[in-house]
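Visitor: Sequence:
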Amino acid sequence: MIQSLRWQDILDILLVAFIIYRTFVFIKGTRAVQIIIGFIIVFFFFYFSKKFELFTIGWILNNFVGSIVLIIVVIFQSDIRRILLAIGRSPFFKRISYVKETLFYDELSNACVAMGQKKTGALIVVEREIGLEEFMEIGIMLDAEVNAELIISIFQQKSPLHDGAMIIREGRIRASGCILPLALKGDIDKRFGTRHRAAIGITEVTDALAVVVSEESGKLSYAFRGDIFTNMSGEELKSALKEHLG
1 MIQSLRWQDI LDILLVAFII YRTFVFIKGT RAVQIIIGFI IVFFFFYFSK
51 KFELFTIGWI LNNFVGSIVL IIVVIFQSDI RRILLAIGRS PFFKRISYVK
101 ETLFYDELSN ACVAMGQKKT GALIVVEREI GLEEFMEIGI MLDAEVNAEL
151 IISIFQQKSP LHDGAMIIRE GRIRASGCIL PLALKGDIDK RFGTRHRAAI
201 GITEVTDALA VVVSEESGKL SYAFRGDIFT NMSGEELKSA LKEHLG
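For what it's worth, our numbering labels the leading residue of the sequence shown as 1, then goes sequentially.
Calculated from the structure, these hints are not laboratory results.
Be careful, since some hints might not be right.
[Claimed, not checked] Under the rule of at most 30 Å between Cα atoms (straight-line distance), these lysine-lysine pairs were calculated in the DSSO-like manner:
hint	residue 1	residue 2
1	K219	K238
2	K242	K100
3	K119	K219
4	K50	K118
5	K118	K100
6	K219	K50
7	K100	K50
8	K219	K190
9	K238	K185
10	K51	K100
11	K190	K238
12	K51	K219
13	K119	K100
14	K158	K238
15	K238	K119
[Stated by the list, open to error] Simulated DEER-style distance windows between Cβ atoms:
hint	residue 1	residue 2	range
16	S159	V65	52 to 58 Å
17	M141	I41	45 to 51 Å
18	F18	D143	23 to 29 Å
All C-beta atoms in this analysis are idealised placements derived from N, C-alpha and C, irrespective of residue type, glycine included.
Based on the provided sequences and hints, a complete structural model is requested.
Guide: Written as structure tokens, this is what we have:
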């Protein structure tokens, strides 16, 4: 006899579907997707070896599958950390008004354009859902509105805070002079300097968006989810900010 469907069953199914959906959204565009595809292929061969009694390869894959939890933790340690840190975080613009949000885009993009014209190097990281406290603690703590003139003055060569990254949280400058991890992947263009590598690095371990102004060329770039997008105009940068932060 088929048991009637309870409301708890429906809730259970919806929660599982939501968790799976959010997980795929979170890892979309990251290296985790390729690794998951690799796991699927391994499980396919494991099933194939069992069905056709391929004992040697079955024994090898059986040991691999038996250690799958440990393997997942080792391989996905940074992604698991990102997911756990993201739980309970507030949306980026939750605490500021629409007017301030609009001003934020204008002030940040205008500052980057102005610094690019003068070839003033800069690295600005905008926090999204995952907290950046551990990186802010290394720098100098601030609490100021995002203002083009202030950003430009902070990154002037004679400023004591120009070295390192500026971190923005909830529409306000929270720290400057912060040290960030460099990119882990090895296929980065050799023309990129430390700022670009740090921008890529912070977006590999968190969901932040990092903006870079090149000191050599004055060109604007931004990094997101471990990828970097170069030669951006001021309007293109502003559109990217709205797309990923709005």
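Visitor: For each hint, tell me whether it holds in the structure or not.
Guide: A quick look at each hint next to the structure:
Distance hint between K219 and K238 is fulfilled; the C-alpha atoms sit about 14 Å from each other, no more than 30 Å. For the proposed pair K242 and K100, the alpha carbon gap of about 13 Å is at most 30 Å, so the pair holds. Under the criterion of a C-alpha separation no larger than 30 Å, the hint pairing K119 with K219 is consistent with the structure, at around 8 Å. The suggested pairing of K50 with K118 is violated, with an alpha-carbon distance near 65 Å, which exceeds 30 Å.
Our distance criterion of 30 Å between C-alpha atoms is met by K118 and K100, whose separation comes to about 27 Å. Restraint check for K219 and K50: the C-alpha separation of about 56 Å exceeds 30 Å, so the hint is violated. Of the supplied pair hints, the one linking K100 and K50 is violated, its CA atoms being roughly 61 Å apart against a limit of 30 Å. For the hint linking K219 to K190, the alpha-carbon distance of about 16 Å falls within 30 Å, and the restraint holds.
For a cut-off of 30 Å, the pair hint linking K238 to K185 stands: about 27 Å separates their Cα positions. For the hint pairing K51 with K100, the CA-to-CA distance comes to about 62 Å; that exceeds 30 Å, so the pair is violated. Taken as a hint, the K190 and K238 pair is honoured in the structure, with Cα atoms around 27 Å apart against an allowance of 30 Å. Between K51 and K219 the CA atoms are separated by roughly 57 Å; this puts the pair beyond 30 Å, and the hint is violated.
The straight-line distance between the Cα atoms of K119 and K100 is roughly 28 Å, inside the 30 Å bound, and the hint therefore holds. Distance hint between K158 and K238 is fulfilled; the C-alpha atoms sit about 28 Å from each other, no more than 30 Å. As the CA atoms of K238 and K119 are separated by approximately 19 Å, the hinted pair is consistent with the 30 Å bound. Evaluation of the 52 to 58 Å hint for S159 and V65 yields a pass: the beta carbon distance comes to about 55 Å.
Judged by the Cβ atoms, the range 45 to 51 Å given for M141 and I41 holds: they are separated by roughly 47 Å. Distance hint for F18 and D143: a CB-CB separation of about 35 Å, inconsistent with the stated range 23 to 29 Å.
In this structure, the hints that do not hold are numbers 4, 6, 7, 10, 12 and 18, in rising order.
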